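Q: As a plain string of letters, each chain reads:
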Amino acid sequence: ELKVEQNPLFLSMQEGKNYTIYCNYSTTSDRLYWYRQDPGKSLESLFVLLSNGAVKQEGRLMASLDTKARLSTLHITAAVHDLSATYFCAVVSNSGYALNFGKGTSLLVTP
Amino acid sequence: DAGVIQSPRHEVTEMGQEVTLRCKPISGHDYLFWYRQTMMRGLELLIYFNNNVPIDDSGMPEDRFSAKMPNASFSTLKIQPSEPRDSAVYFCASGLPGGGRNEQFFGPGTRLTVL
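So the sequence lines, in the order shown, correspond to chains A and B. In terms of my numbering, the first sequence opens at residue 1 and continues consecutively. In terms of my numbering, the second sequence opens at residue 112 and continues consecutively.
I should point out that these hints are in silico values taken from the structure, not numbers from a laboratory. Note that this is a predicted model, so its numbers are computed, not measured. Certain hints may be false.
Said to hold, decoys possible - DSSO-like, lysine-lysine: derived pairs with alpha carbons at most 27 Å apart:
(1) K179/B / K41/A
(2) K189/B / K41/A
(3) K189/B / K56/A
(4) K17/A / K56/A
(5) K17/A / K135/B
As the list claims (entries may be wrong) - Which chain A residues face chain B? A few, computed with CB under 7 Å, are given here:
(6) S42
(7) M62
(8) Y97
(9) A98
The beta carbon of each residue, even a glycine, is placed where N, CA and C say it ideally should be.
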């Protein structure tokens, strides 16, 4: 069974600070996804990481993938309030197409 | 494209009643997924289809749940009879394995409350 663990699960950070969210998974996979969810809303795709060493950046968010370590990171640079949301990582097993989600990291950015 | 469309957006029903959730995937996408989100269990896959054929239904909780995809533009998830523990947000997602990305796009969800 493919397991996906995120940490931290809750994160309160001040505006302007940097922080990293970690996503570990238990079995081989070469596809990892990051989604954002605002309260009461759907999931919005942020990044698709398809190979070892992949790095994607969008604004203040940067995601990376290390398939050997089975680890992805989502780095937040100079946080702003608009980044407050829940962030999910999800992994697809090599034999399938369904997403296996982590429990999510609830991020609150305060002034 | 309007994205993945789900209906209803909210459903409140009483225990024992039949509930039908509907989904229209993005045109041209040949994969369709049903996920459920609860506070206790997080996001979990219920079933997914490829070209209208169910591929993996191992996440369907029990026989009370059934899903169909009669054509490429429509799918239903039915719960009969419903129970309070079925209360959750049900998401439909569609995807197209183009270039290996296999990216999935989620609908707005149906918030189900079973009293």
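Q: If a hint holds in the structure, say so; if it doesn't, say that too.
A: Outcome of the hint check:
no. : hint           : in the structure
1   : K179/B / K41/A : holds (25 Å)
2   : K189/B / K41/A : holds (22 Å)
3   : K189/B / K56/A : violated (39 Å)
4   : K17/A / K56/A  : holds (20 Å)
5   : K17/A / K135/B : violated (41 Å)
6   : S42            : holds (5 Å)
7   : M62            : violated (19 Å)
8   : Y97            : holds (6 Å)
9   : A98            : holds (4 Å)
Of the numbered hints stated above, those contradicted by the structure are hints 3, 5, 7, listed in ascending order.
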